[in-house]
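Use these hints to put chains G and Z onto chain P, whose structure you have.
Protein chains in written order, with the working numbering: chain P, 435 to 780; chain G, 435 to 780; chain Z, 435 to 780.
Hints may contain errors.
[Claimed, not checked] Computed Cβ-Cβ distance ranges for the label pairs, DEER-style:
(1) ASP648/Z / GLU726/G: 21 to 27 Å
(2) THR534/P / VAL655/Z: 56 to 62 Å
(3) VAL655/P / PRO518/G: 48 to 54 Å
(4) THR592/Z / VAL655/P: 21 to 27 Å
Calculated directly from the structure, the hints in this document are not laboratory data.
Don't be surprised by glycine CBs; every beta carbon is placed ideally from N, CA and C.
Residues per chain, in single letters:
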Amino acid sequence: MTRTKILAGLASFSVALAVPWWTVPQESAPAPAAAAARDTATDDPASPDAPDPHAAMDWKAMDKEMAKRDKSFPAKTKGTGAQPLAPKILADGTKQFTLTAQNIKWEVEPGKTVDAMAYNGQIPGPAIRVDVGDRVRVILKNELRESTVIHWHGIPVTNKMDGVANVTQDPVPPGKSFTYDITASRQSVGWFHSHHDGVKQVTSGLWGTFQIGDLPLPGNVKPDKEIPFSLQDSGALGLTFNGKSFPATAPVRLKKGQSLLVHYYNAGDMPHPMHLHGLDQLVVAKDGFPLEDPYKADTILIAPGERYSVLIKADQLGTWSWHCHILSHSESSKGMTGMFTELIVT
Amino acid sequence: MTRTKILAGLASFSVALAVPWWTVPQESAPAPAAAAARDTATDDPASPDAPDPHAAMDWKAMDKEMAKRDKSFPAKTKGTGAQPLAPKILADGTKQFTLTAQNIKWEVEPGKTVDAMAYNGQIPGPAIRVDVGDRVRVILKNELRESTVIHWHGIPVTNKMDGVANVTQDPVPPGKSFTYDITASRQSVGWFHSHHDGVKQVTSGLWGTFQIGDLPLPGNVKPDKEIPFSLQDSGALGLTFNGKSFPATAPVRLKKGQSLLVHYYNAGDMPHPMHLHGLDQLVVAKDGFPLEDPYKADTILIAPGERYSVLIKADQLGTWSWHCHILSHSESSKGMTGMFTELIVT
Amino acid sequence: MTRTKILAGLASFSVALAVPWWTVPQESAPAPAAAAARDTATDDPASPDAPDPHAAMDWKAMDKEMAKRDKSFPAKTKGTGAQPLAPKILADGTKQFTLTAQNIKWEVEPGKTVDAMAYNGQIPGPAIRVDVGDRVRVILKNELRESTVIHWHGIPVTNKMDGVANVTQDPVPPGKSFTYDITASRQSVGWFHSHHDGVKQVTSGLWGTFQIGDLPLPGNVKPDKEIPFSLQDSGALGLTFNGKSFPATAPVRLKKGQSLLVHYYNAGDMPHPMHLHGLDQLVVAKDGFPLEDPYKADTILIAPGERYSVLIKADQLGTWSWHCHILSHSESSKGMTGMFTELIVT
Numbered sequence: 435m436t437r438t439k440i441l442a443g444l445a446s447f448s449v450a451l452a453v454p455w456w457t458v459p460q461e462s463a464p465a466p467a468a469a470a471a472r473d474t475a476t477d478d479p480a481s482p483d484a485p486d487p488h489a490a491m492d493w494k495a496m497d498k499e500m501a502k503r504d505k506s507f508p509a510k511t512k513g514t515g516a517q518p519l520a521p522k523i524l525a526d527g528t529k530q531f532t533l534t535a536q537n538i539k540w541e542v543e544p545g546k547t548v549d550a551m552a553y554n555g556q557i558p559g560p561a562i563r564v565d566v567g568d569r570v571r572v573i574l575k576n577e578l579r580e581s582t583v584i585h586w587h588g589i590p591v592t593n594k595m596d597g598v599a600n601v602t603q604d605p606v607p608p609g610k611s612f613t614y615d616i617t618a619s620r621q622s623v624g625w626f627h628s629h630h631d632g633v634k635q636v637t638s639g640l641w642g643t644f645q646i647g648d649l650p651l652p653g654n655v656k657p658d659k660e661i662p663f664s665l666q667d668s669g670a671l672g673l674t675f676n677g678k679s680f681p682a683t684a685p686v687r688l689k690k691g692q693s694l695l696v697h698y699y700n701a702g703d704m705p706h707p708m709h710l711h712g713l714d715q716l717v718v719a720k721d722g723f724p725l726e727d728p729y730k731a732d733t734i735l736i737a738p739g740e741r742y743s744v745l746i747k748a749d750q751l752g753t754w755s756w757h758c759h760i761l762s763h764s765e766s767s768k769g770m771t772g773m774f775t776e777l778i779v780t
Numbered sequence: 435m436t437r438t439k440i441l442a443g444l445a446s447f448s449v450a451l452a453v454p455w456w457t458v459p460q461e462s463a464p465a466p467a468a469a470a471a472r473d474t475a476t477d478d479p480a481s482p483d484a485p486d487p488h489a490a491m492d493w494k495a496m497d498k499e500m501a502k503r504d505k506s507f508p509a510k511t512k513g514t515g516a517q518p519l520a521p522k523i524l525a526d527g528t529k530q531f532t533l534t535a536q537n538i539k540w541e542v543e544p545g546k547t548v549d550a551m552a553y554n555g556q557i558p559g560p561a562i563r564v565d566v567g568d569r570v571r572v573i574l575k576n577e578l579r580e581s582t583v584i585h586w587h588g589i590p591v592t593n594k595m596d597g598v599a600n601v602t603q604d605p606v607p608p609g610k611s612f613t614y615d616i617t618a619s620r621q622s623v624g625w626f627h628s629h630h631d632g633v634k635q636v637t638s639g640l641w642g643t644f645q646i647g648d649l650p651l652p653g654n655v656k657p658d659k660e661i662p663f664s665l666q667d668s669g670a671l672g673l674t675f676n677g678k679s680f681p682a683t684a685p686v687r688l689k690k691g692q693s694l695l696v697h698y699y700n701a702g703d704m705p706h707p708m709h710l711h712g713l714d715q716l717v718v719a720k721d722g723f724p725l726e727d728p729y730k731a732d733t734i735l736i737a738p739g740e741r742y743s744v745l746i747k748a749d750q751l752g753t754w755s756w757h758c759h760i761l762s763h764s765e766s767s768k769g770m771t772g773m774f775t776e777l778i779v780t
Numbered sequence: 435m436t437r438t439k440i441l442a443g444l445a446s447f448s449v450a451l452a453v454p455w456w457t458v459p460q461e462s463a464p465a466p467a468a469a470a471a472r473d474t475a476t477d478d479p480a481s482p483d484a485p486d487p488h489a490a491m492d493w494k495a496m497d498k499e500m501a502k503r504d505k506s507f508p509a510k511t512k513g514t515g516a517q518p519l520a521p522k523i524l525a526d527g528t529k530q531f532t533l534t535a536q537n538i539k540w541e542v543e544p545g546k547t548v549d550a551m552a553y554n555g556q557i558p559g560p561a562i563r564v565d566v567g568d569r570v571r572v573i574l575k576n577e578l579r580e581s582t583v584i585h586w587h588g589i590p591v592t593n594k595m596d597g598v599a600n601v602t603q604d605p606v607p608p609g610k611s612f613t614y615d616i617t618a619s620r621q622s623v624g625w626f627h628s629h630h631d632g633v634k635q636v637t638s639g640l641w642g643t644f645q646i647g648d649l650p651l652p653g654n655v656k657p658d659k660e661i662p663f664s665l666q667d668s669g670a671l672g673l674t675f676n677g678k679s680f681p682a683t684a685p686v687r688l689k690k691g692q693s694l695l696v697h698y699y700n701a702g703d704m705p706h707p708m709h710l711h712g713l714d715q716l717v718v719a720k721d722g723f724p725l726e727d728p729y730k731a732d733t734i735l736i737a738p739g740e741r742y743s744v745l746i747k748a749d750q751l752g753t754w755s756w757h758c759h760i761l762s763h764s765e766s767s768k769g770m771t772g773m774f775t776e777l778i779v780t
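In isolation and in its complexed conformation, chain P is listed as follows (with noise of 0.2 Å):
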């Protein structure tokens, strides 16, 4: 197999599949020599089924690197996510919560540490959590080198506290804070963002989930766990579920018989349709507000700015693989990557 041929079939290779850069760990990663040798046999028709010693080889290292990463998973990294955030409660009851933006370093999966943005050192920020009727109070702190705001999406506020930059507030400059003050209406499943040059901002970190009080479910169900589950895929993050890429992201485990209240956040660029393996997902709210019929999916499509809300019974025992249905989102030949997770039930 001369050189030339090699790197023809690489080519043909890298057009047809269309690899994304973030599934090459190293750039002094070896060639695919499995696609080169595929085509090389293809190629052959002198020899058409003969056993190809280089294609032998090939597939053995690439299952060994595959298993490698695979088996990897979940991996340590540096820095969590999401945590619940307890608030300071004012004289007048007021919960009042701070959220400090600054520029970090995130370690998004082992090797992979990046220039991000964060509420309080977190990717997401802070997971808030109140009552229905409470007077809420959040304090901005932009300790970032550049101006922000948040807006509150999902959320009722008065205009003024909507934050949005040059629509309803001046951007927050880099040494100040601004001071959003919210009645917490109704029952909520809502996010804030950052709404100044959100395209870089959010993607950079700056999001987390806002609730208001217990989604109501069918047959008044109390759900033995309940996640944020925030989708991500642009910017310095990428492909993530809460601010993570396999092998790094989180798997969640239940018992036999327990159920689990997932709320999606799509805080991202793109529409992704998340599978669930073995477990039904039944979907009982959307944007936060309770469906009049839920129904049942396997995989279910969440856009840019919207929630889904599933409930899961883990009825089967077992490692449920969880993922993203964008195969280039979940899947690589270096093995799995990206939006994949497991739900693992005992």
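This is chains G and Z only, laid out in the frame that chain P set:
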């Protein structure tokens, strides 16, 4: 800071954010200095927290540019699409409309005039509205420099009136006409568009809305206002609402307490999640078919060809942002852009 | 008209329309002269309305080329996917199927044969259908030049039968087999596909449909015809319906008054809005789960991994276009392309 470091910073910035070309209004735009400063600051381990005079200047310049652009809304441009078209009533009661397809220059936003195609000089084309039971005749006059046809999407027609080049009719050559006869057999939220090289002709401007009768609403509500809201993203027009890009998009103005019926039409090539701040969107119809169970949402995904009809109650005062939530379709480091407008309640 | 001006016209044309590579069947395709002429005409202020002989020739040549391509439908190609697969009935009543994965050459459309992967030489793989309660055994024989596995999407299985490489089983190496045992525990509209380097293997052809029982329909309708409709967009196959691109896509033929049950499966990497002209689509199930309130639509968005089942009544005579409404997926300046077919009612 050396020039080499600045350029390196810019290079990584452009890769990470993939700023689309349409966010840069001029080829002579100044370098994105804020980004360079950010990278420089994080690259300098000797003084991670030291104030950087360049950074300080950069964010101020960036904010100033963004505010200037954001506050230029709503900008005046030449040409308005989707104007109601009055029929000529023929002797037998038939309502006759004439649509003349032409190559035109269209001002998408101040400073951006493109080679477009239009029906009757408008993008979107004129809004046609008839009653259930009407006999309708539409004369297509082709004054383009190429052939065309009109397809009636979501409007029941006989097959020979379906308007697909080389499937149900020959393309109509330059200088020729074609007459479409339609019986308005049922309530519809339809539209019309070219079906001859549609990938070019539709994205150049050759579409319009075609409504039959009133969409029945929950509780027999009569909306105070009813508007078509066309989405486009490709070709000559790029990211536009009703043929215009921010800051030339048209705001919608309501008095407090009024209701608004919006028909979203996606005439483009990508799905768009439409987010309205502050006011709920009650989804009442899909492709013109009334939903048995309308549902609330704050973000609604509309794919190419789809229509969603939503009812909005202006129950909160203020200037509410209204945009595609794919962040790169509505925001940039130079201010709002493309698919962004406002709903103003006074 | 100078050659420089023509080239400039071509350059702006290709930027504006972003014509995908698959619309150009030959590298030696003639220059898109119509576009050049169009730009030239608008660039010439001296004679804006003067007839341009080049333009006149161009649209005629373009129309001729488009008509030739459009009217070549339905074009014959070698190979048909999704053929029903008869089981071998074992002594204990188990239904046994054998799926042999192989590297093959696949004719996507006339003149476009690609290096693909297939089960039993078909793309999509053979259609498996069993009854509720059946015991099912599927033997995967791997005759590829690389490892593979099969995942059963939307089919209840025990975890060790879930078919995810390195999660629930080791990949099956070339030359080896693996046996999947499944109890068909409930009505399902499922499918099967590779879950080992799926981004390559699925888009190369390694998927098929797997249905359990009859989908219950409103009013207990028994459809006259029931078909799987697989969407693909990436990899070796590109934009295809059931493994074929227009003009090799298969039309569906019905007699007036007949009903058709269509199961859409998206096996690709992008969401596709499927539009049928002339006949309503009644959406009756999502991912095989019957909807409590079926709804009508003319355009249905199906994301990767999702299935939508729709019921169609052939109540209008004619040749109805049926296509993805992302215009660049079904149309081009050379005629229909990719994801376009027809439903013909006689």
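Just tell me: holds or violated, for the beta carbon distance of VAL655/P and PRO518/G against 48 to 54 Å? The hint (48 to 54 Å, Cβ to Cβ) holds, given that VAL655/P and PRO518/G are roughly 50 Å apart.
Note whether the CB distance of THR534/P and VAL655/Z lies within 56 to 62 Å or breaks it. holds, 60 Å
In this structure, is the beta-carbon distance linking THR592/Z and VAL655/P contained in 21 to 27 Å? holds, 26 Å
With respect to the beta-carbon atoms only, verify the hint that ASP648/Z and GLU726/G lie 21 to 27 Å apart. The hinted range 21 to 27 Å holds for ASP648/Z and GLU726/G, with Cβ atoms some 24 Å apart.
Of the numbered hints given earlier, the model fails none.
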